[in-house]
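Just so you know, the numbering used here puts 1165 at position 40 of the sequence shown, and the rest follows in order with no gaps.
Do not rely on the hints blindly, as some may be mistaken.
Claimed, not checked - Each pair of labels, with its calculated beta carbon distance range:
hint	residue 1	residue 2	range
1	A1301	G1343	35 to 43 Å
2	R1227	A1435	43 to 51 Å
3	T1195	G1380	42 to 50 Å
4	G1192	L1341	43 to 51 Å
5	A1435	P1303	31 to 39 Å
6	G1343	G1192	41 to 49 Å
7	L1306	N1153	36 to 44 Å
8	G1343	T1288	35 to 43 Å
9	G1318	D1298	34 to 42 Å
10	P1398	T1224	30 to 38 Å
11	P1303	I1258	13 to 21 Å
The set of hints was computed from the structure by calculation and includes no laboratory data.
Computed from a predicted structure; not experimentally measured.
Backbone N, C-alpha and C define an ideal beta-carbon position, used for all residues, glycine too.
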Amino acid sequence: MKRFCFGSAVCATFISMHTIALYAATINPGDILVLQGGPSDPQVDDVAAVYRVDAITGNRELISGRGVGTGLPLLEGGGIALGPNREIYVTDPYFNLDTLEREGRIVRIDPETGNRTLISGPGRGAGPAFGGIFGGPGQLQVTDDGTVFLREDTRIFAVNPLTGDRTLVSSNDMGAGPNLLGPIGIHVDTALGIVVGDPILQHFVQVDPTTGNRTLLGSLPINIQRDFIVRDSIAIVLAGPSLANALFFADLNSGAVTPISGIVGAQLLGAGPTFDGNNVDLLRPGQLIVGGNNTSIDGGPRTLFQVDVATGNRTVISGSGVGAGDEITSLHDLVVVPVPEPDAFGLALLGFLVIASVIANRICHGASA
């Protein structure tokens, strides 16, 4: 268990990503929640929507937006995260016709009804205003005590979900260390605290939640592209020379990188259709979910892949003809409902035990990062 404090007023407890309470709801352990977005149209409500995807059947079910649930309409859609009681949080930028400016807000969704409630943004919560730059996956995370972390461009906020109050944790004008130039994602790791990626810096960056200071975490010999997850100082990263078409382990302490699956240089690691990935999350030990384009199909809807860490094999589990329900045409972000596991479940198990066999397999077959 770790407790992070921001100044003197806001504290958050981070135990693990796998202590979410169980209760009867629309969503179940192992389900994949997908935020589908679209260009904001002031004349059309609910352009964005949240879908539940069954990881076994691939079936897709609309659970909020586009006529399901009441409350604030979802407009463009940004990032998605789960709270400690499986409440769903999404970021939603929009164009305010009264001020003629872009604004941003955080919306909470009841998974049973699909109803949407404003948590923080214009009209709710004190503190620095969001600026409306809410694009990209992995920009939102919720800790076990419900504190909502948001990375909005180069600014990092901690948001109180009860009051909506916003505390600026770090920005290029707050805290020492290298400025963020093109950050992606945000994760709160038990070992490292707040971590963001920066493709321009070609580093992951550790952010001190008390001072806002930023520290580079090892130079990475890969092009960080879109999304990543972090557990116990190990990251799983979507990267590639041009497209995000491969997965890597990255040790954030040493900077060591090991390929898992996809196109790495002139080699294809693992069997199955290749992807241009937008999003990644952990399904269960040794199994990852990747959302993006199926590069073996010209155009078409977005696809969800299951990737086996040990072999690198890729299997389509939803989309591209797999599963029933509305096709996902604009995948902004996804999150997997955690499957309860023993405490040893984190990337310490997934990474440090499995990575030995992965490295041995790469060495035997002459592959390298």
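Hint-by-hint comparison with the structure:
1. A1301 <-> G1343: 35 to 43 Å: Check failed, 19 Å falls outside 35 to 43 Å.
2. R1227 <-> A1435: 43 to 51 Å: holds, 44 Å
3. T1195 <-> G1380: 42 to 50 Å: Holds: the Cβ-Cβ distance is about 49 Å, inside 42 to 50 Å.
4. G1192 <-> L1341: 43 to 51 Å: Given a distance of about 47 Å, which is inside 43 to 51 Å, the answer is holds.
5. A1435 <-> P1303: 31 to 39 Å: holds, 36 Å
6. G1343 <-> G1192: 41 to 49 Å: Because 47 Å falls inside the window, the suggested range holds.
7. L1306 <-> N1153: 36 to 44 Å: This hint holds: roughly 40 Å between Cβ atoms.
8. G1343 <-> T1288: 35 to 43 Å: Taking Cβ atoms as reference, G1343 and T1288 lie about 37 Å apart, which means the hint holds.
9. G1318 <-> D1298: 34 to 42 Å: Since G1318 and D1298 have Cβ atoms about 20 Å apart, the given range 34 to 42 Å is violated.
10. P1398 <-> T1224: 30 to 38 Å: Given range 30 to 38 Å: violated, Cβ gap about 45 Å.
11. P1303 <-> I1258: 13 to 21 Å: Hint holds: Cβ distance 20 Å, inside 13 to 21 Å.
In summary, the structure is inconsistent with hints 1, 9 and 10 from the numbered list given earlier, while agreeing with the others.
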